[in-house]
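Protein chains in written order, with our numbering: chain C, 996 to 1270; chain G, 996 to 1270.
Keep in mind the hints are simulated off the structure, nothing from the lab. Wrong hints could be hidden among the right ones.
List time: in silico BS3-like cross-link candidates among lysine-lysine, alpha-carbon distance up to 27 Å [unchecked claim]: (1) C:Lys-1157 - C:Lys-1238; (2) C:Lys-1137 - G:Lys-1247; (3) G:Lys-1017 - C:Lys-1125; (4) C:Lys-1157 - G:Lys-1137; (5) C:Lys-1247 - G:Lys-1125; (6) G:Lys-1238 - G:Lys-1137; (7) G:Lys-1247 - G:Lys-1107; (8) G:Lys-1137 - G:Lys-1125; (9) G:Lys-1137 - C:Lys-1137; (10) G:Lys-1137 - G:Lys-1017; (11) C:Lys-1157 - C:Lys-1189; (12) G:Lys-1189 - G:Lys-1137; (13) C:Lys-1157 - G:Lys-1125; (14) C:Lys-1107 - C:Lys-1137; (15) C:Lys-1017 - C:Lys-1238; (16) C:Lys-1157 - C:Lys-1137; (17) C:Lys-1017 - C:Lys-1247; (18) C:Lys-1137 - C:Lys-1017; (19) G:Lys-1238 - G:Lys-1157; (20) C:Lys-1105 - C:Lys-1247; (21) G:Lys-1017 - G:Lys-1238; (22) G:Lys-1105 - C:Lys-1189; (23) C:Lys-1137 - C:Lys-1105; (24) G:Lys-1017 - G:Lys-1157; (25) G:Lys-1238 - C:Lys-1157; (26) G:Lys-1125 - G:Lys-1105; (27) G:Lys-1137 - C:Lys-1247.
Which chain G residues stay away from chain C? Per the calculated CB distances, all over 12 Å, these [unchecked claim]: (28) Pro-1144; (29) Ile-1202; (30) Ser-1259.
Note that CB positions come from ideal geometry on N, CA and C, so glycine has one too.
Protein chains: 2
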Amino acid sequence: MSKRRPSIGVFDSGFGGLTVLKALLEVIAGADFIYFGDTARLPYGSKSVDTVARYAVDSSHYLESHGAQLLVIACNTATALALDRITAATHVPVIGVVEPGADSAAAVSKNKRIVVIGTEATVSSQAYSKALAARGMQATEKACPLLVPLVEEGWVEHPVTKQVAGIYLGEAFQGEFEDADVLVLGCTHYPLLKPLLQSVAPAHVTIVDSAESTARAVARRMRALLPQVDDGEDERRAQARLKFFATDSVEKFQRLGQRFLGRSIEGVQHVDLKE
Amino acid sequence: MSKRRPSIGVFDSGFGGLTVLKALLEVIAGADFIYFGDTARLPYGSKSVDTVARYAVDSSHYLESHGAQLLVIACNTATALALDRITAATHVPVIGVVEPGADSAAAVSKNKRIVVIGTEATVSSQAYSKALAARGMQATEKACPLLVPLVEEGWVEHPVTKQVAGIYLGEAFQGEFEDADVLVLGCTHYPLLKPLLQSVAPAHVTIVDSAESTARAVARRMRALLPQVDDGEDERRAQARLKFFATDSVEKFQRLGQRFLGRSIEGVQHVDLKE
Chain C
996 MSKRRPSIGV
1006 FDSGFGGLTV
1016 LKALLEVIAG
1026 ADFIYFGDTA
1036 RLPYGSKSVD
1046 TVARYAVDSS
1056 HYLESHGAQL
1066 LVIACNTATA
1076 LALDRITAAT
1086 HVPVIGVVEP
1096 GADSAAAVSK
1106 NKRIVVIGTE
1116 ATVSSQAYSK
1126 ALAARGMQAT
1136 EKACPLLVPL
1146 VEEGWVEHPV
1156 TKQVAGIYLG
1166 EAFQGEFEDA
1176 DVLVLGCTHY
1186 PLLKPLLQSV
1196 APAHVTIVDS
1206 AESTARAVAR
1216 RMRALLPQVD
1226 DGEDERRAQA
1236 RLKFFATDSV
1246 EKFQRLGQRF
1256 LGRSIEGVQH
1266 VDLKE
Chain G
996 MSKRRPSIGV
1006 FDSGFGGLTV
1016 LKALLEVIAG
1026 ADFIYFGDTA
1036 RLPYGSKSVD
1046 TVARYAVDSS
1056 HYLESHGAQL
1066 LVIACNTATA
1076 LALDRITAAT
1086 HVPVIGVVEP
1096 GADSAAAVSK
1106 NKRIVVIGTE
1116 ATVSSQAYSK
1126 ALAARGMQAT
1136 EKACPLLVPL
1146 VEEGWVEHPV
1156 TKQVAGIYLG
1166 EAFQGEFEDA
1176 DVLVLGCTHY
1186 PLLKPLLQSV
1196 APAHVTIVDS
1206 AESTARAVAR
1216 RMRALLPQVD
1226 DGEDERRAQA
1236 RLKFFATDSV
1246 EKFQRLGQRF
1256 LGRSIEGVQH
1266 VDLKE
């Protein structure tokens, strides 16, 4: 009799969390992934703590009620503003993107000075600064509200995007952070800009992508929590199975989402959260 | 015994509709204005017809239940996608921004060729093209998704915004529309970019701002529908009274909103639409 396959819920306000799902697929085999994109209410990055927490708790409940045994909050804003409230409101383990990102940044930095870029809400929460301070690092955070719309416009290698990124990074890498040696991508849209950001950032800077570090943290946690994953892998189990739910247009989710996931997306189901 | 003051509901997804309220205040005296900004669910411009219609109907019901005798849909996306559904779902007269904008554009154009810029959703609906075709005009519509975030970043005179506007308008004013002589601002954020857009558009182009033409249409309609407005004006009635409701942060509404309204905003009330 086969054991139940592990089921991992991945939540984001929209499409950006698909970069985290992509990283998860690279390190975890044989699991079911249920992705929930709250596209009818995106973006979260410009909204208040209460609104973001309410939306994130709704969405997490949806994933839990659909069988998720572990929740990945693949949205920096939701993690930064509402991880505690999501954890309190659900009955399964919850992993956000901030702690894993801070771990990686602290491991990589030599001079303990770090620049974090993210949405307005993430930066206001100072979640990264606190997580990095707890690891002995000094951080400065810079809100970059134009980068998400530029990615969604598809201008990932556009001269305008380079100019905008140059302005934002110029304002971040200054004063005592002029020689910061790590740049943390504190928003799941930004991995699509990684080559452009690397070309704009000072030459000595290492870019840390929270998606990758989160995927490794989830793999570790999953092996501890869901030991069935450690069973011998037969072919049936090795293949990841994906389900997608979105609160706005299914067609748009399929079309835009594949840019973030790096593969085609099919069978997205529409969810109405009764607003 | 004094007659009841007329009460006008103004609805937008967020802050942009405040440019319409500003225009209304210039042409209508002695009325109560109730402004509703659905800031917890903005932007509408990237979302689907069904989602926008559902949000807009919710918000319109809220305004009607708070005494609005006339509804102004001060959001191009909501007008373009959902004016029919809003009109069907409410019991008071409803005026959107598309028809008045089309009237002004048709009145101004000499060669009957018109460029309309707006959000992705507004442009996809072709509401302006249809309204202009009914007036004997030929129109091309261009989605400019970066202009709203650029306005919200406060970059209304920034070289980057000029470059982005130049790219969008360059793509719109070409082929048979190279000599179009009217540019319709089909999004309520764009009036803040009017000087910049005028400098980027071909020299012979006249800019039509739907906010102004909508305000004039509302004034006309109000005199017909709410004849108490035509009573002699004493000092008490001449002063407009404003009430503001927002679904996300009240503090942010006050702070950002004044850029659009051109005066300070006080006493905003938070509304939870029970999502």
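Compare the structure with the hints numbered earlier in the document and write down the numbers of the violated ones, lowest to highest.
1, 3, 6, 7, 9, 13, 19, 20, 22, 25 and 28
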